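Work out the full structure, taking the sequences as your base and the hints as a guide.
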Amino acid sequence: MTETLRTPTAAVRPAAGTSAAGPTRVVPARRRRPGAARRIPLHVFLIAICAIWVVPLVGLIVYSLRTIADSAVSGWWHAFTAPLFTITNYTSAWTTGGIGQALGNSILIAVPTTVITITVCAIGAYTLARMKFRGRIVVLTIAVALLVVPPQLTLVPLLRVFNVLHLTGHIPGVWVYQVGFVVPFGIYLLFGFFRAFPDELIEAASLDGASVPRIFFSIVLPTATPILIALAIIQFMWSWNDLLIPLLFLGGGASVAPTTVQIAGLVQSTGGGLNLLTAAAIVSMIIPVIVTVVLQRYFVRGILGGAVKG
Amino acid sequence: MSSSYFLTLAIGVVAIPAVILAWLFFGERVVRLLPNRRQEPVRAWVWLAFPVVLGGGVLLYPLVQTVVNSFQDKSSQGFVGLANFAWVFSPTVVPVLLNNLIWVVVLPAVTLLLGLVIAGLADRVRYEAVVRTVMILPMAISFSAAAVIWRLMYAYQPKGFAQTGTIDGIVNLLGGTPLAFLSDPKITTWALIAIGVWMSVGTGMLMLSAALKNVDASTLEAARLDGASELGAFWHVAIPQILPTITVVYTTQIIFSLKVFDIVYTMTNGAFNTDVIANRMYAELFRTQQFGHASAIAVLLLVAAIPIVIVNLRQFREERVVA
Chain A
13 MTETLRTPTA AVRPAAGTSA AGPTRVVPAR RRRPGAARRI PLHVFLIAIC AIWVVPLVGL
73 IVYSLRTIAD SAVSGWWHAF TAPLFTITNY TSAWTTGGIG QALGNSILIA VPTTVITITV
133 CAIGAYTLAR MKFRGRIVVL TIAVALLVVP PQLTLVPLLR VFNVLHLTGH IPGVWVYQVG
193 FVVPFGIYLL FGFFRAFPDE LIEAASLDGA SVPRIFFSIV LPTATPILIA LAIIQFMWSW
253 NDLLIPLLFL GGGASVAPTT VQIAGLVQST GGGLNLLTAA AIVSMIIPVI VTVVLQRYFV
313 RGILGGAVKG
Chain B
539 MSSSYFLTLA IGVVAIPAVI LAWLFFGERV VRLLPNRRQE PVRAWVWLAF PVVLGGGVLL
599 YPLVQTVVNS FQDKSSQGFV GLANFAWVFS PTVVPVLLNN LIWVVVLPAV TLLLGLVIAG
659 LADRVRYEAV VRTVMILPMA ISFSAAAVIW RLMYAYQPKG FAQTGTIDGI VNLLGGTPLA
719 FLSDPKITTW ALIAIGVWMS VGTGMLMLSA ALKNVDASTL EAARLDGASE LGAFWHVAIP
779 QILPTITVVY TTQIIFSLKV FDIVYTMTNG AFNTDVIANR MYAELFRTQQ FGHASAIAVL
839 LLVAAIPIVI VNLRQFREER VVA
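Order-wise, the sequence lines are chains A and B. Everything in the first sequence is counted per my numbering, starting at 13 for the first residue and increasing by one. Everything in the second sequence is counted per my numbering, starting at 539 for the first residue and increasing by one.
Simulated from the structure, these hints should not be mistaken for laboratory data. These figures come from a predicted structure and were not determined experimentally. It cannot be assumed that every hint is accurate.
Here chain B is said to cover these stretches of chain A; the calculated rule only asks that three of the stretch's residues, wherever they fall, bring their Cβ under 8 Å from a Cβ of chain B [said to hold, decoys possible]:
no., segment
1, 55-64
2, 96-107
3, 138-148
4, 168-179
5, 192-205
6, 271-280
Cross-link-like lysine to aspartate or glutamate pairs, in silico, DMTMM-like; alpha carbons within 20 Å at most [said to hold, decoys possible]:
no., chain 1, residue 1, chain 2, residue 2
7, A, 144, B, 566
8, B, 751, B, 661
9, A, 144, B, 578
Where is the CB? At the ideal position from N, CA and C, for every residue including glycine.
Below, the structure written as structure tokens:
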């Protein structure tokens, strides 16, 4: 794993074993197949685990398609014996629940945050990995130390600063917070890649008269695409799913509230019935779930975070 | 969606990154005017301007400020010495600390064990990709949405009434007494930890299964030829080789448990003996406006995380900076 993560040429491919096992993958013949009967407990266990993991999601989906009257008197699984489905919950989530507007706000928060994060972190990580200057080790050490700072620690002082700068209540204020908060992680994730970039390529370009920014953008960055996508997905996911920061820095008004804030507000205001909420929750999950499943191999790289040193 | 919506989007996606890039190219022109040996150090700080201002402004400055506040009174005016820390270890807060300790002990252990078992077993079947996809789904879900999902799982009606919650529905079917998962102080923390496990096993499994793929196959084969069982080979040969990854998974989960907030906040808000450090801190900040208390709790959280920082730092130094 170490080698895979360190050499840029190898890093263009997904890290070994992290890609979906496609037909082309060569599986080393390292295990003898025990008898099929002996493998039954193995399959039972794995299928049971998968069932436990998806049942909560299946319940949510089924519940969101049932009528309010049905959900009140019987569990969602009764829908399989007496099917009666409706999209009322979705229409009311859209009209009275304001989930459409919230979806727009989530995009307006998460997409710029992601783009700016990649830009800032790539520049920061490259500088720390490739340039020699006094204070480099200090900056690196602080960056790693800041990895574990919980967001709550920053709230009081930052709310004061953001109030003075008139950033509270405006979506760009959330960009600033979310980008700043992820900078240490982003640098941590990208650092190893830039560190391992072959010197010869940079020296050759430099002899040809290319400037440092030119080398960075046209030679180094293109090879870093997979790791940048990994960072982008992690940041997008966090930004999209974050409740605390938008809640505090936007104040919860419906015109700026993203889906997380909107749903948390609905939980408090609707009391008993979960019907509208389940529909709203599903609408809020669609984009991140698609991103996770479709871009899974990049997501895995991001999770590994250069941390695996096998 | 109004035009101001798209204008804001364009500013964030195009204008701001363009300004940052322009800063680099413009800075380069200025740097070129300097004598050769001064160029690189100056360029480095030009490049670091945005990361340092953003990271420093959002994390470092508030960190320092919070440490100062932890020695001040509730509105951050006069200094009160260690009074806030005395309060943190007073009988009102100690139960919260102990409750958080349950998280720190239980969640990382369960997550690691489950992640390891699932990774090890899924490695032996053809549908591994399916298992992996299922396990990472909870990671794509916000805590707000997860709270809705788990309300549905844990919904409770007394015995004799129709159960609408998934788990009590099963309990009912088996003839047991329904459990009040979200309001019985004896079990509520455990019910919340189960949500945490559901959300974090995927991360652990991903990292561990990637590490397992890199275990030297010939060492496993040698163990088997020596007569080791499948389990024995896994335990004595594979586990020692993936120990660094196990450490990473375990420490990541410890940090997650230390600062767990959203699950508790959205499910019970600390009621029924489920309060944890981060939620208590949030309450001190916004319900009672006790900035001194809140800051002291935050500092405690940071101090508890320091050993883990040191482990991370050591790895970072050894494997990255020096290499």
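For this structure, which hints from the list above don't hold up? Of the numbered hints, just 2 does not hold.
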